[in-house]
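Engineer: Please arrange chain F on chain G, whose structure you already have, making use of the hints.
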Amino acid sequence: MSITQKAVFRGAGDLEERLRPLLRRVRRPGRYVGGEFNLRLKPAAEPLVVLSYPDVYEIGISNPALQILYSHVNDRTAAVAERAYCPWPDMASLMRDADLPLWTLESGRPVREAQVWGFTLPHELTFTNVLEMLDLAGVPIMAADRREDDPVVVAGGPAVAHPLSLSPFVDAFFAGEVEPWVDRLVAAAACGRRTDRIAALADVPGVWVPGRGEGPVPRQVHTAFSTCTPVTRPLVPVLEAVHDRAVIEVMRGCSAGCRFCQAGMWYRPVRELPVATVVAAAEDLLRETGCDEVSLVSLSSCDYSGVVEAVTAIRELRPGVRVSLPSLRVDSAAVKLAALGARQRGSVTLAPEAATEPLRATINKHVDDTQLEEATSAVFRGGYTGLKLYFMIGLPGETDADATHIASVAAATARQAREIAGGRARVSVSVSTFVPKAATPFAAEPFVGTETVRRRQQMVRDAWPRGVRLSTHDVGTSLVEAVLARGGVEAAVLVREAWHRGARFDGWSEHFSLEVWQAAARSIGMDLEEAARTEPAASPIDPLLDEAFLSREQERAAAGVRTQDCRTSACTSCGVCAGPIRMDLRPTGTTQSIGRGL
Amino acid sequence: MSDPGSGAPKSERVLLTFARGGPGRYLSHLDTVRALQRTFARAGLDLALSAGMRPKPRLAVGLPLPVGAAAVAELAVADVVAGCAGDDDRDAKENGARTGRWQASLHAAGPPGIEVLDVEPCSPGVRLQPRLAVYRWSLGVPEDATAAAVRSFVGESSVPIERNGPKGSRVVDLRTSIDAFEVRGTAHGCELWFGVRHEAHGAARPSEVLEEVMRRNVIAGSDAGTAPDADLTRCGVVYAGLAARGLAQEWLERHGSKTQQAG
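First to last, the protein sequences are chains G and F.
So the first sequence is residues 42 to 639, counted in our numbering.
So the second sequence is residues 186 to 448, counted in our numbering.
Since the hints were derived computationally from the structure, they do not count as laboratory data.
None of the hints are false.
Here's a subset of chain F near chain G, in silico, CB distances under 8 Å, partners left out:
hint, residue
1, Gly209
2, Leu212
3, Pro297
With beta-carbon atoms standing in for the labels, derived distance ranges:
hint, chain 1, residue 1, chain 2, residue 2, range
4, G, Arg66, F, Thr371, 18 to 28 Å
5, G, Arg66, F, Ala289, 30 to 40 Å
6, F, Glu305, G, Ala265, 47 to 57 Å
Sample of chain G residues with no beta-carbon within 12 Å of chain F, all distances over it, derived:
hint, residue
7, Asp190
8, Gly490
9, Met500
10, Leu555
Cβ atoms here follow ideal geometry from the backbone N, Cα and C, with glycine treated the same way.
One chain only, chain G, in its complex shape (with noise of 0.2 Å):
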């Protein structure tokens, strides 16, 4: 294992070496050069895919997607997968004045070499860092200018529901899940010229080539997720990243409905690990990260039928080890929390996302007053210190009452916090804006508007209590992510002005600029409230959700009616489930599937 790790240390002199002169002027110079654990180096193998995600390293490190897909690519096939994250301005700065194009970290090739260059798209605040790293890379930024040795842009992830506002860009988008067609996509990268390894792209499932095609194209589901192992052996980086910790997805999909949740929808139906994968892979995992902290993740993770199994059997196994569960619902929170024992350290984070009960209806959050209490006495009972509570403004049906009720609810949460866990009990509550998303029933409801966000955000503040740290969203950020998530190809030129004028790094509060957006919108004739008001553009994407479904879900919320959760109630006919497409549920830890196809 080592020779190949070792032959880094010595064969990076030469990419470091050269990068000297910069790193020495950069923040976080380590962001640059590679050097974690289970590093793959490959360096006859071909094709060459690079693999990006566009926000900082520390950021990027720290996304199980990528993980996937660098495991898979350089572990299973012949190809070799390299990685380039967005470099941080003060470098950015450095790149082009040295006429330095962008370079992947495992082989200091430029990143303009690769046949396929892929990045997943976590939400449309990352946007225009793609196109910044296709800059720095020295790949024209719109694929029709690209040309014969240019890599094919592949773009996939959750923000790919909506990806007209990129599509531009993009020579081709994969919707849904990767894992069955990595091979295919591999195979289609190996194809000699650009135009064929795109004509072959196309031909894949999922695979959305703009311009292309007739009708949407189904988001791709990973049907023998329950069967597959996790990855055991991922990239660990000797950099501090966001996320320090060995990580196992333990089921995929989220049966709760939350009606604003583009997650929850996009990822149907619900797939769970057995609990003897989970604990194998745990073991595995621990050995080859040397972390001394698992974490069980999924959307909900006190979902998953096996938590306490499986939490059980890791802490038996390796005493000394903490396992966390980084995603709890408010409504299970409490009773898993208290079957897991009173051994835990550290914050819990819940998120009730509204803070009054018909809102809660509305948005079809299986939440009422008494569970948050009780999930709250379950945290400090159960040893941890800390409490955070995630909120939502601008709703849709919301009133100013429910948003000033957020201070009731948070001031009510402290004093239940003090009294069972004194001084030491932290309670902090964040408050975010709510965007509309592709392929949620809330996908055409309107933006609510900065003007209302601002006034709510302020009547939270003034009703707010002491000892609660309050944390809310740039209204600003919000307001952009809503254009591009249900824009046409206007906001792909709306995209590119703002690039143009300066927006890079749009998801982080030091960096973006509303003012830079909306000049970019004026010189484009955009008002950006409108167009965040205005019908989504038709995606080209189908969801696989029924749109009778979909419709239904807009007129119960509109009646404040909850629709139960199909993993333990009837099943809803949101449409996912179809053929092979199931829920498979593995509550034993054994590895026969329970599902409940339809």
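Structural biologist: Quick look at chain F alone, frame taken from chain G:
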């Protein structure tokens, strides 16, 4: 080493010698500590944990390295849980062979930018208290010019600089912190070697030394005070009560601990 009666597993303290280069140059001190902790875990060597509410692995890296610096032979001390690697009592009596195996395991388990060079048993009381660090700046600056600048530097009785920190600013005298200088010509310019004494009142930083030397480099003209292609390596460190590591032993043989003029 273990705490008698504490109930904690027995452990023994080892001295770890490692080099840092390539991508490892750009790690912070905390990143380096974390990378070594993970290297132990990947090698199947359990580190003993500290006591208290939040136990931490007992591994301490000596003198922090500046970000961007390579290193020839750094030291860390670690407390390894006895028997964690399947070593039996017979093996324990053959410390050399056993720590050799540990070195091989750690070398294989390390990240690309860190190489574990040696593992040796040491007494439980060993602490890493730096006394002298030897640095080398590789410069694209002519040897003569650098030597003249060094002569100017050492000719002064004090070279005070103001250092700003979170607790305000303070003045540090670089001159008294420097043990000795050497300037060696290379194909691309020269190497500036110097020893920095570590005493209770603090020590000069290599970047500060370079800046003050280059400020006196009148031949460099417009580049005075800067050396854009400079490349730093820490060649060795002397710790109290321990044998000098890396090239620090040779340095001591040449310079002792007295300040000498060079160039």
